[in-house]
Each structure stands twice: as structure tokens, then as C-alpha cells.
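Engineer: Residue numbers (my numbering), protein chains in the order written: chain A, 1 to 223; chain B, 1001 to 1223.
Don't read these hints as lab results, they were simulated from the structure.
There could be a bad hint or two in this list.
[As the list claims (entries may be wrong)] If you want a taste of the chain A side facing chain B, the calculated C-beta under 8 Å gives, among others:
| id | residue |
| --- | --- |
| 1 | Val71 |
| 2 | Asp74 |
| 3 | Gly120 |
| 4 | Leu122 |
| 5 | His133 |
| 6 | Trp209 |
| 7 | Gln212 |
| 8 | Arg214 |
Cβ coordinates follow ideal geometry from the N, Cα and C atoms, glycine included.
There are 2 protein chains.
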Amino acid sequence: MRTIPVIQEILSANDELAQENRERLNRAGVLAVNLMSAPGAGKTSLILRTAQALRGQLRLGVVEGDVASQVDADRVAAAGLPVVQINTGGGCHLDANMLRAALGRLPLEQMDLLIVENVGNLICPASFRLGEHLRVVLTSLAEGDDKPQKYPDLFLQADAIVVNKLDLEAYLDFDRQRFRKLVQAMNPHAALFELSCRNGEGVEAWTTWLYQQRQALLARLNP
Amino acid sequence: MRTIPVIQEILSANDELAQENRERLNRAGVLAVNLMSAPGAGKTSLILRTAQALRGQLRLGVVEGDVASQVDADRVAAAGLPVVQINTGGGCHLDANMLRAALGRLPLEQMDLLIVENVGNLICPASFRLGEHLRVVLTSLAEGDDKPQKYPDLFLQADAIVVNKLDLEAYLDFDRQRFRKLVQAMNPHAALFELSCRNGEGVEAWTTWLYQQRQALLARLNP
């Protein structure tokens, strides 16, 4: 039973760093989103679509979390966005200390919105706050409509749930009504967006919500 | 730095239990497969297709690992297969002790093949041997062709790599040639299968391989 206190200490140390990250983001007026999903749900594609839709409205910066590789950071950098790649070297989630290091390398004063793409994992990221203002869970029609039941922790915590790959609806058995009911029963406060990063359908509702969240943050910081 | 020895002890204790599981499976002549994938890749669908294809040839039993719910065990039980559901209660992988408990509830003497569906996670299950004979990684066309680069540990360890959702090929950008080259470069010893659990295409090559692996196990156990 000796491991339990150690884990508590690690989580508590993480929460302190997360609080510091949050204060740093607040000082810069940057809204931070922790974007979490299973591998291949389309986190990077959502970031690129979001940047495109918010061009001229919000200045976006990105942190890319991966076990290995810089495939995603290269895609984001090619779109002209400031990006920092974190490789966890096998680790299954980002933590607040990793984000702290990344924040030091981003031009926060020239940003309005930070999207942190967490490691592709529907389980472990639930336990580690980074200092984000919003927790967003991305899933896709290809993963099936039962994911909230099977991976409840992330869905229960989410401020928003985004369902990607609407363009594949005709070829899959995903029951959108069933999914909505599951989410409504588990987490009625989460905003729900259904969209396609491939064809852009539904993206505007999501980016409008993000824009409003940034406005609300500014109002809280400068009452 | 005090956590490192603790982790080593946990892993070593796990390996001892894994060894005991392996011996128990060997005594019963049961080939055990540890099936790992991201959430929603189609592990349960692959199990159901495999059972269908091997009917009359191999008697299959199943262990379903999930964070929560028994959605998958219900599907498998409805197909008439012996199945035990393990709920990890938030845990991100199965371990050998969990499998030990499950083995005690399965009719091993009436089985030839055990498929253990691990928790949907492309990262953490890589570190925990269960006592399996074969490690199989399942991915799908919907997840994109870069997964071996981003989640190398599981792909490097795999005895077989199965790519599901071939039926969606026309609607996705998955480059099968690129994926094959990545896998070949990383793990040239892994068997590679491309199939569709939806329409059955390619399933026979996979089940023929499984059947041969069971024959090879029997030959090793009874030389």
C-alpha cells in the first residue's frame, strides 16, 4: 500500500505547477484548451481547421504532445502557427511540468488561444491537470458510439465534446442520437459539437464557442 | 528518484505472475493472444469474426478488459463464447494478476485459443506482460497511417499487426504502401494482415495464421 501516498504527492505537485501555468496564461490573456482523444481521432486536423476558421479573430499557438515523432508539429508549423513539440519518450500523458517547459518557448504575448494536443489516449490524461481553462474531448464516428460508457473519466470532466468524421456517417453504424443521450446523461454541462475536419461541416459552431470562451475569460480577468 | 525501484519491483512481480499464467495456459494447450489497440479500432469485432471463421477448428474463449462497462462482454457472450469481463476501474491496462483471476473463471480444458482484449490504449499495455504467447496490435484505416511512428512501443513488440476497416479505404487517406514500409522498417518479423471486420475481407489469412500458431504451440509443448 506504500505507493498510494507517493502518487498523491506527485498529483499534488502537478496541481501546483498547473496553477502556476494557469496564472501565466491569465497574465498573457491566453485561453488554454487541453485537447484529448484516442489516437487517430483527428486532433491535429481539428487544430488546423480551427486556426483557419479563427484567422483574423484569434491568434493561435499550439503544443503538440506525442510519445514519439514530430509528425504533428511539422503539420502545424507548415500552417504558419507557433508550435512546440513535447515527446514524452513513452509517457502516456502530458503533465503540468511538461507544459511549463513548452510555455517558456511560445510567444504568449502574441497569442490569444493555446491548444495543447495531449498524447493520444482516452484514459491517462484525465488524471493530470495542465493549467488549462478548458478540457475538450475529441472522438470520432469511426470509434463507435459507446466510448463515453467505456472511457467515462474524460467524458465526465469535459467542458466540450467534439465528434469528428461526420463525413463518414453513411459508411458507419454510429448512432448520433444514442451518443447524444449518453453524453447528456453523463455530463449535461458539456457543450457538444459534431463536425467534419475533412469537409469543414460543423466547424463554425465549434470555433464560435471557442471565441466566446476567450471573451468570457477576458471579462473574468478584467472585470 | 525513489519511484524507479518501486516501479521495477512492480514490473518484476508482474512478470512472475505472467510466467505462472503462461504455464497454466501451456498445461491446458491453450494459445493466448494479447490483443491491443486504440479505442474503437474494432477489437471486439475482430474477436467475433475470428470465432466465426474458426468454428469447428478451434474452441475460443475471451477475456474482455475495459476501464468500465460490460458492453463488449455482452456482445461476445451473445455469440455463445465463454467470456470474462475485467473492469479496471480507471486503470489504463491489464496486468498479469488480472488475467490470473480471469483464467480461474474460464473453462480452459475446453478451449484451444484465448483472446485477451486489452483496455483500449496504444501506450500503457506495452509495459505489462500477461503470460500471452502472442502480442497482436490492431489498428484501423480510420486512425491514419502514421500510428507506428507515433506509438512505437506496441508496434515494435508485436508478433502480428492487423489493420482493420479496409472497407473504408475509398473514403480515407490511409496509404497502405506507406504503412507497410513503416512496419517493415520497424518490425520486419511481425506478420501483417489487412482486413475488414465489417465485410469479412482478409479475415481468413488472419485466422489461418492463428490456427498455425496454435499448431506450432502444440508441437513445442509435445515434441
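Engineer: Checking hints one by one. Is A/Val71 an interface residue toward chain B, by the C-beta closer than 8 Å rule?
Structural biologist: It holds, given that the least Cβ distance between A/Val71 and chain B is near 5 Å, below 8 Å.
Engineer: Regarding the hint that A/Trp209 lies at the interface with chain B, is the smallest CB-CB distance below 8 Å?
Structural biologist: Because about 25 Å separates A/Trp209 from the closest Cβ in chain B, which is outside the 8 Å limit, the hint is violated.
Engineer: Restraint: A/Gly120 near chain B, CB-CB cut 8 Å. Satisfied or not?
Structural biologist: holds, 7 Å
Engineer: Would the hint on A/Gln212 be counted as holding, given a Cβ-Cβ threshold of 8 Å to chain B?
Structural biologist: Where the cut-off is 8 Å and the nearest Cβ of chain B is about 30 Å from A/Gln212, the hint is violated.
Engineer: With a cut-off of 8 Å on the beta carbons, see whether A/Leu122 makes it to chain B.
Structural biologist: holds, 5 Å
Engineer: At a threshold of 8 Å, is the proposed contact between A/Asp74 and chain B supported by beta-carbon distances?
Structural biologist: violated, 11 Å
Engineer: Would the hint on A/Arg214 stand, with a C-beta cut-off of 8 Å toward chain B?
Structural biologist: violated, 30 Å
Engineer: When the nearest CB of chain B is found for A/His133, is that gap smaller than 8 Å?
Structural biologist: violated, 25 Å
Checked against the numbered hints listed earlier, the structure breaks hints 2, 5, 6, 7, 8; every other hint is satisfied.
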